[in-house]
Amino acid sequence: VADEPELAARTVLRQGPGLVVLTGPPGCGRSTLLRKIAASVPGPAHLGGGLAMLSSVPALALSRAVRARLPGDDVHLLAEAVRSRVRGGLLVLDDVQHADPATLAALPHLARSCRVLVALRTPHRVADDELRDAATAWLTVPPLEPAAAGALARSTAGGLDDAAVAAVLARAGGNPLAIIALARQAAAGRAPVGEDIDQVAYALATALADLPRAARTALAALGLLGRPARAELLGTGAADLLTAGLVTAEPGGSLLPVSAYVAETAAGLLDGPARAELHARLAELTPPAESARHLAAAGDVAGAYRRALAAADRAAGGERASLLLFACGLAVPADPRVRIAAADAALGAGRPLEAAAVLEPLALVPPSATTVALEAAVLRGEALLQAGHAEAARDAVRPVPDTAAGPVVASRDRVLLLAALSLEPMSALDLADKIAASHPDPLPGIAAALAAVRATHRLPGWEDALSEAAFGPPAPGRHASPGSSSARAASSSGVPGSARVPASAQVAGPARVAGPGRVGDGPDSGGDPLVTRWSAWLLVEHLAADGRLLESAHAAGRAAVSAGEALAYGWQTRFLAAADWALALHGHYLDLPPTSPPGSGPGSLPGSSPVGETDFGALAAAGPAVTPPGLIPAPGAPGLDTSGLDASGLDASGLDASGLHAPGLGAPGLDAAGSGMLEARQSDLVDVDWDGAEGVLRRAANLTDRAVPAEALGYALAATALIEADTGLLAAARARLDRARLDRGRLDRARLDGGRFDSARFDSAGLDRAGSGAAGPGGADAAEADRSGSSRGGAAVPLHPAAAWVARETAWLDGQPDRAVHASGGMPAASGHGFASGSASSGPGPAGSMSGPGPAGSGGLLAGLHAITGQWAAHDLGVPGAAEIPVGLPGAARRTLTAWALGSGFGAAAEGWRPVALREQIRCLIAAGLTETDRDRAVAALLEAERLADRAGLTVLAGRARRGLRRHQIHRDTRSPRSHGRLTQRELDVLRLVADGEPTRRIAGQLGISAETVDTHIRASMRKLGARTRTEAAALAFAAPEARLEPFQPSEDGR
Amino acid sequence: VTPQPDAPRHVVASSAEADTVLRRLAREGWTLRSGFALPDPSWDVGGSRLILHGRVADDDLETAQLAVLAAARGAGVVAVVDAESPAGRALVDDLTRLGPVNQGADGSDVITNLIPEQRALLDRLASGDTIAAAAAAEFLSLRTANRRIAEARQLFGVRTTREAVLAYLRQRQRQPE
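Order-wise, the sequence lines are chains H and B.
Per our numbering, the very first residue in the first sequence carries number 1; after that it's consecutive.
Per our numbering, the very first residue in the second sequence carries number 1; after that it's consecutive.
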């Protein structure tokens, strides 16, 4: 860190008498650097320095250094007294900004005969001319580089995950003090760590008090803006800020605070009226969208309302929705037309709850049935439907008379039909016939609703109908909808994704320009984006429910692209998460590092003959799942090649034009999510392939703590936790699921509070972040509120259906079958989940028979997986499993459950899973191995399971397979060469987990070995270390100064 | 650099806490003196193992200055002050310039908040005693020992005793006392 000033200072100080001044803003690491240099320069160092409260005590800073009373009234005597004590040593003075006048006057004299090193904070009120003249070197301590900043945050708080570290760095910038304080605070979620943060804020505040007034205001303005700003906007103080090192100039000329946290602190130092005044002034100088928020913060709600509407006219997608919702949330009467437009935009952005809430004041009262009111009623019905409140939706549209305008009636019928589909699936069929008859030439909305009914009842051709509603009619020369069999053929034969490019690639540019509102509809549709997206969602979930995971992922990816192009990030995250989930469950593209089986060297597999390398090859050639990665049907980003990307308006200029990149603008959480997502996708789009487990984890980290739809969070959680659990990170998966239960409770509560979750979020975390931090500790209270919220929300809330199964599966993988044997959270294994609407449907077909674009995926496949996990748990517990098999399961799940019921037929079931889900295929093979009576065939199945699991990196399942193999006396020779008393790598692995407090069972799961082996490793390491307890062994290995971390012969250890 | 070991600096919220700290310091051989004025002729009192203690009122910057001056001259200080008051903030700010400051029952430095019994127990656990053996060796009942260890776990913010032992060892290593 800070190599340059350090080297320069050392060079000067080695050469003899001289004065080196280190300078920099508060918290930049001056003192640390000072000590480092003092320690590295030869000769005794005399450390002293100024103290803020004693800045008038004569010669105090020097007295501290020489530990003696000094004559403070005569500069020459003083200098001589100090010189005689320091002699050839090094005089080091910190905090010279607090030094007394006598010390300051003596320094130039001392510099002639002694080596002097001092640190001076900027800003300061010291008259530094003499110091400058006397200084041999005047060095500025630079801000930390991002890499060094990250390292500092991590070493301060080791337990922080990547997302938390990124958040800390974003706020702290390159300021070490802020990094340390914020990282500690972020880590304090676990244990109370006191109020360092307030003390840090105090130190910053005292430093900022030394700034000239104009500079202080400019820094406060930067804090309120929350983004870089041009110097003109900041007024005359900008130059002082640059000199003090508190801001840096961006390449474009904008000024950027070195540490956002310091700027926030400056804003927090303003009192209420001053802040309002500053907001008002910023409102005059910023573009409309930003200006509206400033006006609101300044107390001018009417002006804010007008400004927000003006800004909304120029925005699109989620940005427009945020602005309109913001305008309607202000304490002024909003025009009904504005409310409708807000609801429309919110729906388009995938925020139905807010859409319904914003229309609430326009509820339809029969006599006042104006056109506007009717329109609002059907729109509210649509929003409620999408939010999963089918009954409320039906009630909302019921008063709409048949005499209303055609489109309104059509919308009403659509809501009625879909509500019926959700509430009484069987009667919906009749209603569908009636509605089809009364709309001979159905509008897209009606057509989509009819398609939904077909899909729910799995009438032949439903995929095509739904796909057409989602993506428009199949274009000639293009393969048909992703659901159709021809698409499947295409994917299995490995047609490159680019074959389908044209239609989906060309859109975004013109679409963005087309104007506000329903801008940039799906590329292929030309229809109402609400209808198309919602249909696409249904398609995705229905396909997943049928176990057609690749097709589901494909459809989701395609819909995500078009949602992203229309800047509908809510929908985009949702589709991306659904695609991630489908592919994570599918398991063939996870790209996990393979785990090598223990002792996989030659000769250590005594029974390996039945399944040889040839089988491996044969397997790789079969089924769509194993197409070589370059040729797979681009599940993440179907049919987009690089040229399409360029045309797609994702380029930065387009974004800037729409004002999306200014973080201070919309709800900042959303913006960050949006642009972060965009960047993530941008790289992904170039890479046609899905980015596997790593991508899932990265996206999940992006989603945490952002205002994204619950559906997206649910699927992202399920995908992430499943990957973690399968790869042995069971504690992590469990913690993630537990946390989500709490968060969901919190979220639901927040949503219930008037459905204005997002705007509330804006108020606390957004622009007004600085305002709320006014009391001093910056935005600390937002985090504080979050934390108290999570502790308050102690009640566990049912998880998203996919996550609920993953929770159960994790318990089973974790060796706790008792917790997995029954579906938890009141979730009957075989039915839906009551997640969106009343869907505990006992109707035919998969339980996903409901309308809201929530739940369809919860039925078939998940019900089957629930039942299979239940069987396994029962098997592990030695009790009989549930006899009944849920209806409407995908073939593979049905065959598996039948096999469980009969006790045979797992081989065929495993075949059935092969194109569907790798991990389930492996599970079936293990089941085959455990139930098969013929030893050779059992061993063959288990070996294949082991091989597949190892290759895919699924440690826990691999461990299960090996456990089965041991029953047949097939043991892996896992012994390392004689280690002569030193720890082997494996023993270290185990001990590390012991030190982390993990129980044996979980260590076994994590490493894919048996609990007995874990015990053996621990015993061996205890013997080698001479430890009497496990704790002592862990202490000796990891906490003793002479830690013996060098494992024995790591290269020959086989791992 | 400094010839003597650094004198302790404590900022606590109540007299009761101050008493606990002072009792421990007295046991460790420090000389306690009430009030922050330091009339001693020599500027540096670092060699005399002196602790000055007293209360600093919320706005009493003069007393805070005296405390800082005493600390700068090498005396230990134990100040009873509201750390969020103006005087408290300024006091902590300046004392921090002199070296580490122990603040009440919190602070990231858990180890200083452990009572000697807890340290002894953790030391014994680290060197391979069982909880029962450690309790017997420290003349504690098993129940008390378990309670002490549970408190330590809470202070470190960990779930298991083993993690607490390791956290203790790591912290002790980082800042040898």
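It is worth saying that the hints were derived from the structure and are not from the lab.
Note that the Cβ used here is the ideal one computed from N, Cα and C, for glycine as well.
Careful, some of the hints might be misleading.
A partial selection of chain H residues facing chain B, derived with a Cβ cut-off under 10 angstroms [stated by the list, open to error]:
| # | residue |
| --- | --- |
| 1 | Ser63 |
| 2 | Asp198 |
| 3 | Gly907 |
| 4 | Leu1036 |
Which bits of chain B does chain H cover? Going by a derived footprint, with three or more residues having C-beta under 8 angstroms, they are [stated by the list, open to error]:
| # | stretch |
| --- | --- |
| 5 | 59 to 68 |
| 6 | 85 to 92 |
| 7 | 115 to 125 |
| 8 | 158 to 171 |
Hint check results:
1. Ser63: This interface hint holds because 6 angstroms falls under the 10 angstroms limit.
2. Asp198: 7 angstroms, holds
3. Gly907: 43 angstroms, violated
4. Leu1036: 9 angstroms, holds
5. 59 to 68: holds (count 4)
6. 85 to 92: It holds: at least three residues are needed, and the stretch 85 to 92 of chain B offers 4 whose Cβ sits within less than 8 angstroms of chain H.
7. 115 to 125: Not satisfied, violated; 1 residues make the cut.
8. 158 to 171: Since 10 is at least three, the answer is holds.
Violated hints, listed in ascending order, are 3 and 7; each of the other numbered hints is respected by the structure.
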